[in-house]
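Student: Sequence:
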Amino acid sequence: MSGRGLPGPVEAVLLPAIGVGATIAMTMPLDPGRVTPPDLVYCLMIAWVVRRPDRVPLWAAPLLGLVADILLMRPIGLGALGLMLATEVFRRWALTLQMQPSVFTWIAAIAGYAAMLFGMWLVLGATFVEGPSLARLGGSVLATAIAYPLVVFGLVWCLGIKARGGSA
Numbered sequence: 001m002s003g004r005g006l007p008g009p010v011e012a013v014l015l016p017a018i019g020v021g022a023t024i025a026m027t028m029p030l031d032p033g034r035v036t037p038p039d040l041v042y043c044l045m046i047a048w049v050v051r052r053p054d055r056v057p058l059w060a061a062p063l064l065g066l067v068a069d070i071l072l073m074r075p076i077g078l079g080a081l082g083l084m085l086a087t088e089v090f091r092r093w094a095l096t097l098q099m100q101p102s103v104f105t106w107i108a109a110i111a112g113y114a115a116m117l118f119g120m121w122l123v124l125g126a127t128f129v130e131g132p133s134l135a136r137l138g139g140s141v142l143a144t145a146i147a148y149p150l151v152v153f154g155l156v157w158c159l160g161i162k163a164r165g166g167s168a
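Numbering (the UniProt record's numbering), first residue to last: 1 to 168.
Any given hint could be a false lead.
Stated by the list, open to error - In the EDC-like style, the derived pairs of lysine to aspartate or glutamate whose C-alpha atoms are separated by at most 20 Å in a straight line are:
id, residue 1, residue 2
1, Lys-162, Glu-88
2, Lys-162, Asp-69
3, Lys-162, Asp-54
Said to hold, decoys possible - Restraint-style ranges between C-beta atoms, simulated for each label pair:
id, residue 1, residue 2, range
4, Gly-77, Ser-133, 39 to 49 Å
5, Phe-128, Met-99, 21 to 31 Å
6, Val-103, Phe-128, 31 to 41 Å
7, Arg-136, Ala-25, 16 to 26 Å
8, Val-123, Cys-158, 28 to 38 Å
9, Phe-128, Ser-102, 15 to 25 Å
10, Pro-16, Val-89, 36 to 46 Å
11, Asp-54, Val-129, 17 to 27 Å
12, Ala-135, Pro-101, 39 to 49 Å
13, Leu-124, Glu-88, 32 to 42 Å
14, Thr-27, Val-129, 15 to 25 Å
15, Leu-72, Gly-138, 25 to 35 Å
16, Met-99, Gly-154, 33 to 43 Å
17, Pro-9, Gly-125, 38 to 48 Å
Calculated from the structure, these hints are not laboratory results. Glycine is no exception: its CB is placed at the ideal position from the N, C-alpha and C atoms.
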């Protein structure tokens, strides 16, 4: 594979396509009730925006978040809002995170995911909607923490989506 990576327009189309594919993959039942699937869309968005903040369109996060909310039967818009806020926070910190070791970026991504889930849990509680248990949210954080490096590996080694100026 060449070190050039993908052209900008290809990346702009590939991100939503992979995101929808990841959402569909999350709907497939592996062992319902026992295993919480990782949030592959979150992993994809954060890994991509940290590596190429200028190539992730602003509309991608809310669109993929809404698709995930609809297909995963979550409260419409809440996941999209959380994903958009997390993506924009990581876009702002992308240059700093690119200069850090990959482990630091991984920890930051998982801390951001945990904060996003906790914020959504608080919103659901404030509106008197029964949300998932904190244990189930913890399982989701663990599954996403395991999946994040695999998504990064796929982006970097399979698609050539590398950071412009650092090691992330």
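Student: For every hint, state whether the structure bears it out.
Tutor: So, going through the hints one by one against the coordinates:
1. Lys-162 with Glu-88: 19 Å, holds
2. Lys-162 with Asp-69: 29 Å, violated
3. Lys-162 with Asp-54: With a Cα-Cα distance of about 13 Å, the restraint between Lys-162 and Asp-54 holds, given a limit of 20 Å.
4. Gly-77 with Ser-133: 39 to 49 Å: 22 Å, violated
5. Phe-128 with Met-99: 21 to 31 Å: 44 Å, violated
6. Val-103 with Phe-128: 31 to 41 Å: 40 Å, holds
7. Arg-136 with Ala-25: 16 to 26 Å: 19 Å, holds
8. Val-123 with Cys-158: 28 to 38 Å: 36 Å, holds
9. Phe-128 with Ser-102: 15 to 25 Å: 41 Å, violated
10. Pro-16 with Val-89: 36 to 46 Å: 20 Å, violated
11. Asp-54 with Val-129: 17 to 27 Å: 37 Å, violated
12. Ala-135 with Pro-101: 39 to 49 Å: At roughly 31 Å between Cβ atoms, Pro-101 and Ala-135 fall outside 39 to 49 Å, so the hint is violated.
13. Leu-124 with Glu-88: 32 to 42 Å: Given a distance of about 22 Å, which is not inside 32 to 42 Å, the answer is violated.
14. Thr-27 with Val-129: 15 to 25 Å: 21 Å, holds
15. Leu-72 with Gly-138: 25 to 35 Å: 18 Å, violated
16. Met-99 with Gly-154: 33 to 43 Å: Hint violated: Cβ distance 23 Å, outside 33 to 43 Å.
17. Pro-9 with Gly-125: 38 to 48 Å: 42 Å, holds
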